[in-house]
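Asks: Please model the entire structure based on the sequences and the hints provided.
Order-wise, the sequence lines are chains A and B.
If you're matching positions, the first sequence starts at 1 in the UniProt record's numbering and goes up one per residue.
If you're matching positions, the second sequence starts at 1 in the UniProt record's numbering and goes up one per residue.
Worth flagging that the hints you see were computed from the coordinates, not collected in a lab.
None of these values were measured; they are calculated from a predicted model.
Check the hints yourself; a few may be wrong.
Stated by the list, open to error - For lysine to aspartate or glutamate, the following DMTMM-like pairs were computed, each having C-alpha atoms within a straight-line distance of at most 25 Å: (1) B:325 with A:415; (2) A:209 with B:221; (3) B:313 with B:273; (4) B:313 with B:323; (5) B:332 with A:430; (6) B:316 with A:299; (7) A:208 with B:236.
Said to hold, decoys possible - Over the 10 Å line for every Cβ pair with chain A, so calculated as not near, a few chain B residues: (8) 131; (9) 403; (10) 484.
Just so you know, even glycine gets a beta-carbon here, dropped at the ideal spot from N, CA and C.
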Amino acid sequence: MKKLNILFAALLGLGLNYSYAQTPKGSVLIKNATVLTVTKGNLQNADVLVQDGIIKQVGQNLTAPSGVQTIDATGKYVMPGIIDAHSHVALDVINEASAPITSEVRMKDVVNPFEIGIYRALAGGVTISHAMHGSANVIGGQNATLKHRWGAKDPAEIIMQDAPRTIKFALGENPTRVHGRGNGIQPRTRMGVEAVLRNGFNEALQYKKAWETYNTAKTQKGNTVTPPVYSERLQTLADILDGKIIVHCHSYRADEIYMLINVAKDFGIKKLVFQHTNEGFKVAPEIAEYTMGASVFADWWAYKMEVYYSTAYNAAILQRNGAITSINSDSAELIRHLYHEAAKTQRYGGLTDDEALAMITLNPAKQLGIDDKVGSIEVGKQADLVIFEGHPLSSYAVPQMTFVDGVKYFDIKTDKDDQRQYVSASEMVEPIFLHGEENHQCLQDVDAYFEAFQGAFFEHKH
Amino acid sequence: MKKQFLKAGMLGLLIAGFLSHTAWAQSDPTGKRRVTSTYAITNATIFAAPGQQGTKGTVLFRDGVILGMGSNLSLPKDAQVIPGDSLFIYPGFIDGAGNMGITKPKDLERPKDLITSNPPDEIAGITPWRSATEQFSITGNQVDDWRKTGFTVTQVLPDGGMLPGKSSIMVLGNSGSVNVLQENAALAANFRGSRGMYPATLAGVMAKFRDVYQNTTLALDHSKMYASTAGVKRPELTPTQMGMASVVQKQIPVIFTASSDLEVRRAIALQKELGFKLILTGLENYESVIDLIKTSGTPVLIKLQVPDDKAIKSQKSEGITEDTKAQYERVKEAYDKALKQASLLEKAGIPFGFSTVDTKPGDAMKAVQTLIKNGLSEKAALAALTTNPASILGINRVAGTIEKGKMANFVISTDSIFKEDAQIKHVVADGYVFNYELKKKAAKEAEKTENGSAAVSVEGIWEYTSETPAGSSGGEISIKKEGTGYSGTISYDDPSGSGKVTAPIKNAVVSGKTLTFEFDVAAGGMNLTVSISGEISGSSMEGTMSVAQFGSFPLTAKLSSPSLTL
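Replies: What follows is the structure, given as structure tokens:
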């Protein structure tokens, strides 16, 4: 009997493997580097051996098995691939802004593997990004965790298939503006946001019960209980209640952060991460106690009313209060130098090297539920690695090579000017001008305008 | 007694009516009734099916059915003889998916209390119960122009939102006949979001598709229960669910418009998840999914066009940087690759057909010739125009080849159909013969220049949609000539809530085929100028809508009414 079970499990495992797109896995030996493991200290003159996409050995004087390429990294630094817990790179759609709850929407449906932002992120050492739904809705769509396998044509190949499900929530000005002010429906205020959440979860409980009743009744003879209406929206909320999905919530103010903690407590939701969290420093102990922490900007604020009360010490305060803290980009530009962003926690808050590096590696991995697979240089983990010239927390750091699953996707030495995967046959080639202004500054004055067109011209991402 | 008398009287009237009707028909005041429905095209070169050699002979058909073909047929007395000496006969072309002769039903007026987060299906573009038959008209230039190109059968898709309705297979025969070969042939679907309401984007559309599909499945389960068990509450199938039922029961396929490789993958992903039958149409950029198309066994209809060469032609050779040169090369490479795609489908052994949606009849055969120059075999090209779409549409028993017993649908040309100089002299559809005047070459040139210089007509009401990163938006543009310039208005989604606002247009200029104009939007205390520029071809316009600092977004418009008197 036991044997049969094992056989069955093996078959299932096999089936599962086949249902995934087979992603490339590489083997490589990186020699003589300063290895920043994040979890196990720094190793001088150390080697990292990768076989079939997995870190096999970390130590000194390792030899490459036959056929495995050796890279001499003398004088260079090796760190785990950077993980961005908040990104919108490689998505064809960001906001399905038409309803306060759109939990049925899946970002995995709209992944675009050709987007150049992926390559630019690789050039900044980022190997994994959390491609999120936008913040127009109280409960937005389900997000996709992406592995930056540049060159893949099938979206399934850049989706990290073994990452758990996550979903976007949003509090405060964005959902109240889009739905309340823009559309005249709930939520018009922060109180409305809470009401939408509580109503949603209560409906999900009823939905779950209705299906349980039906599923029990349907096998019985003479059953007259008819199937309830199917709703992926409510099913997804029920899955959140069942702990199957990690909530990532766009938030700024301390009151609304604390509100969501209370809602989560009332409904028994344990997997909760706050995003942006500019006033997180005010409720750091509460965040530390009850949630999977906060993913914040290093020093970006004042782009709208609710983001004025901010400090660059936010990350350090959260960290020292015991909250899992990560630094994210939420921007196709910032994603290229998250190591600089992490370094700012040393200038503002004096975090240690390991603490600062964990902000862009292990901690975001924890928040995405993938820290058993990535986020540090440890034997058995997936070989997402970056080789740096200069210490990654130095102002002079320049990423040299970026590996995902042991496959090199970026090499500064073979970096072509035009890295696009897809070029349109009817594209007019026009001169490119670099804008003097930052995108987010542009957005400030046009809030009303894009709101008017219901996001038709612009998508607010932050 | 009285009653009986009355009945007799009625009968008499009926008979009288019937007789007089017959008498009318005999005199045929229209003068259009044909003398015979039996024809013989004699001594022509017949290409009966793709890949077959041409054979000299006669084709005989009556009442729309091929009676026979060969070199020693005895012709019946009533057969009208069409001398086919020096002419080439091919099976009539079949359009796998088209929108010729389709008029979009008027958009329903938005109710004042519309809840945009949960709008009624009909307003949100979910109308699977609609039929293309109701939107189709065989009279009018569109069908004439396509017939003139050689098309004798089309599967017309209804116009509308994400699930606009069901397609119909039409034979392009006589306007007085019922020309429906098959109604409700497939359910049309696309990734188009609904304007200003749920589902507004591709992501919403995919979620809504699943929702509609799953709930139809459940509603049908419920109906089954109701039929077999007492005490079950009454099923309430919505019009949407009734419209979807034949898809869920796998009686008819979904014909999904998917132009890019990513859209192809998305449609196939939905198909794998839900299990419906699938046909893909409107493919433009598909090189990277040829293997997937092959392994999934999905029938495909590619767009009957080649990419616009404007970008290639506008490339300069002097005064450009090395960077620009490199970018030019990549566009050229993409262009060359795009032209080779059809031949790669052939190499992979995928029997594809064509779709005429968004393509111009005048460019159709030129496009086929270009594909042949880029590696597609003539045999595969003819199959894509005839036998392949016949199989994909499930009408290969009656159409696609010239065989005894099949429909009399032919293209009759002066030369091999794929030669540049070939001209179509007759098209036979459903046994009706359409004759076309052959152009002399010189005359053709003259006409060309005339067309080139003629000003396009922009007057009328245009319905436009612009695609933006967050979904589509749109409204109406109405334009009138005034003196030497133009004036008019444009409507757009109200910046301060729902509904539409109208603004006057300014600086409207028509130069060549391009219309440009501007309008002002007041929003949040700011005045923004939006400029629109579009190239007009016939009754459609393609271009961009741009706002200073914000970038530009593609815009398409259709002339919904050429007259302004409403």
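Asks: Of all the hints given earlier, name the ones this structure violates by number, lowest first.
Replies: 3, 6
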